[in-house]
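Colleague: Listed here are the chains, written in short residue letters.
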Amino acid sequence: MSTRRDIIKKIIKGTVVAGGGGLLWGTAITELRAEDITLRPPGALDKELFQKACLRCGQCLEACPYDTLLLATFSENKGVGTPYFEPRSIPCYMCTDYPCTEVCPSGALDLKELSGEDNITSINNAKMGLAVIHRESCIAYWGIQCDACYRACPLMDSAIVLEYESNVQTGKHANIKPVVNSDFCTGCGICEHVCVVEKSAIHILPRELAMGEVGNHYIKSWDEKDELRINNKTDKPKDKSDDIESAIEYLNDTDDLFTE
Amino acid sequence: MKLIFRYRYLLFRRLLQISLLVLFFGGNAFGWNVLKGNFSSAMLFSAIPLSDPYAVVQIMATGFIVAADALIGALIILLLYGLVFGRMFCAWVCPMNMISDLAIFINLKLKLNNNLRFSRKIRYGILALGIILSFFLSTPAFEAISPVSALHRGIIFGMGGGWAIIAAIFLFDLAVMRNGWCGHLCPIGASYALIGKFALIKIRHDSEKCTDCGKCFEVCPERHVLDIINIKPGIISSSECTNCSRCIEVCDDNALKISLRNTMIRKK
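Residue numbers (my numbering), protein chains in the order written: chain A, 1 to 260; chain B, 261 to 528.
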C-alpha cells in the first residue's frame with residue numbers, strides 16, 4: 001500500500017522530471033530553427049522545406065572539395081546539424097558537378113533546384129543568396145580603381161557588371177563601379193571572399209532577405225512576358241477603400257473636418 | 261588472457277563502436293570511402309545508403325517526402341535489424357552506450373543512491389511524442405535533442421555546444437537514475453526494440469545449468485527481459501534485450517549463450 005505521502009512524492013518527482021525534460025526539449029527545438037541569415041549549399045530547398053527535409057548527416061560537407069560547408073552545432077542558431085557556409089572565410093567555388101547537391105540522401109539539396117528554364121541542370125542556376133554592395137565602403141565607388149569582385153566572379157559580366165561614371169571630384173577620371181544583377185547572381189560569395197577592404201563591402205544575403213517584390217499593381221507593358229501578369233490582377237476591388245464611389249464621397253464629406 | 265576472455269563480448273563491442281567512429285571520422289577528415297555521413301544517414305562504400313528509420317519517420321511526419329536514397333537506406337536498416345540483429349544497435353553500435361555504461365560503472369562503484377524510478381515504457385511515449393511534435397513544428401523534433409546524433413556528429417564534425425546535452429545525460433544517468441537514458445527514455449532504442457520483434461539473434465538460457473546466483477541481473481541494462489532465468493529454458497524473448505551479452509560473460513554456470521530464435525533451429 002502506498003501512503004498519501006508516497007503518492008505526493010511520486011507526483012512531485014514526475015513533474016520535476018517531465019518539466020525539466022520538456023523545458024530542455026523546448027529550448028533545443030528552437031535550436032533547430034535557423035536564423036534567417038543562414039546561407040545554404042547550392043540546390044537547397046526553400047527555408048521552411050529545407051528545415052523539414054535535412055537529415056543532418058553531413059554528407060554534403062564531406063563531398064565539398066573546398067571545405068566550404070560547415071555543420072551547425074548547438075548555440076550557433078543555424079539549425080543544429082544542418083550545413084551552411086560563410087563566404088568571407090570560404091565561399092562556394094561552384095563546382096560544375098555539384099557534388100554536395102548530388103550526394104544528399106534526403107532531397108533537402110535537390111538537383112531540380114539547379115535546373116533552369118531549359119531543363120538543363122547547371123550550377124549557374126544555383127540561388128544560394130544574392131550579393132549586396134555597401135557603396136559607402138566600396139572603394140570603387142569612391143573612385144579608387146578596384147575590380148576585385150568583378151574579376152573574381154565566376155559569372156563575370158553577367159552577375160557583376162561594371163558601370164562607368166565620370167568622377168566629378170577630379171573632373172578627369174572615371175568611377176568604375178561594380179553592380180550586381182540578381183538574375184544571374186548565384187550567391188556563391190567569391191566576391192565577398194576577395195573584397196579588399198577590412199570588412200567586405202559586398203556580402204551575400206539570403207535572397208528572401210535581399211530582394212523586394214513588385215506585386216501585381218505595377219506591370220512592365222513593354223515586356224511581353226511581364227505583361228502576362230496582368231491576368232493575375234483581380235477586376236473587382238477587394239475592399240471598400242478601392243471603391244470609386246466611396247472615395248469621392250469621402251472627399252466631399254466635410255463633416256469630419258469641422259468636428260471638435 | 262583470462263581477463264580478455266572474461267570480457268570478450270564487452271571488448272568486442274567497444275572495438276566495434278570505436279572502429280565505426282574511426283571509420284566515420286576518417287570519412288570526413290581523410291576522405292575514406294568506407295562510411296560517410298553519420299548515424300542519421302550514411303553511405304557505405306560510396307554505394308549503399310543507410311539511414312536511421314526514426315529520423316526518416318520524423319521527416320515524413322513533417323510532411324516532406326524524403327528522396328529515394330534516404331528511404332532505401334532506412335529500409336536496409338529496418339530489414340537488417342528487424343530480421344537479424346534486433347536491438348543490437350544500442351549495445352554494439354551506438355556511441356552513447358559507452359557514455360551511459362561509464363555512468364553506470366561510476367554509479368555502482370560509488371554506490372550512489374538513485375531513488376528515481378519510472379516505467380521503461382516511457383520511451384515509447386517519447387518515440388510517439390517525437391513524431392507528433394515533428395508534425396506540429398514542421399521540423400524533425402527529436403533530432404533537436406538527440407544525444408546520439410549530438411555525440412556522433414560532434415565526434416565527426418566538431419562538437420560545438422553539443423557536449424552540454426551529452427553531459428546532461430551522463431549526469432542524469434550517474435546521479436539521478438541508473439541507466440535512465442538508454443534503459444528508460446531513448447526513443448531510438450525504443451524504435452529498435454519495436455523493429456527487432458522478429459530478430460534472429462537471441463540470447464538462450466539453459467535453466468538446468470542455472471544456479472540462480474543472480475549475477476546476470478546485476479549487469480543487465482534491461483533486467484526485466486531476464487524473466488525466464490532459473491525458471492524455464494529458452495530464448496530471452498523480449499525485443500528490449502540489446503544482446504549486449506554481458507550476462508553470458510558473468511555467468512559462471514555456462515547457462516547463457518548467443519543463439520538463434522527457436523523457429524530457426526531444427527528440432528532433433
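What the hints contain is simulated information worked out from the structure, not anything from laboratory work. Heads up, a few of these hints could be off.
[To be verified] Some chain A residues close to chain B (C-beta under 8 Å, calculated; not the full set): (1) 17; (2) 19; (3) 23; (4) 24; (5) 25; (6) 48; (7) 51; (8) 52; (9) 73; (10) 80; (11) 94; (12) 107; (13) 172; (14) 176.
Please read all numbers here as calculations on a predicted model, not as lab measurements. Glycine included, every Cβ here is placed at the ideal spot set by N, Cα and C.
Colleague: Looking at the structure, which of the earlier hints fail to hold?
Modeller: Hints 2, 3, 11, 13, 14 not satisfied by this model.
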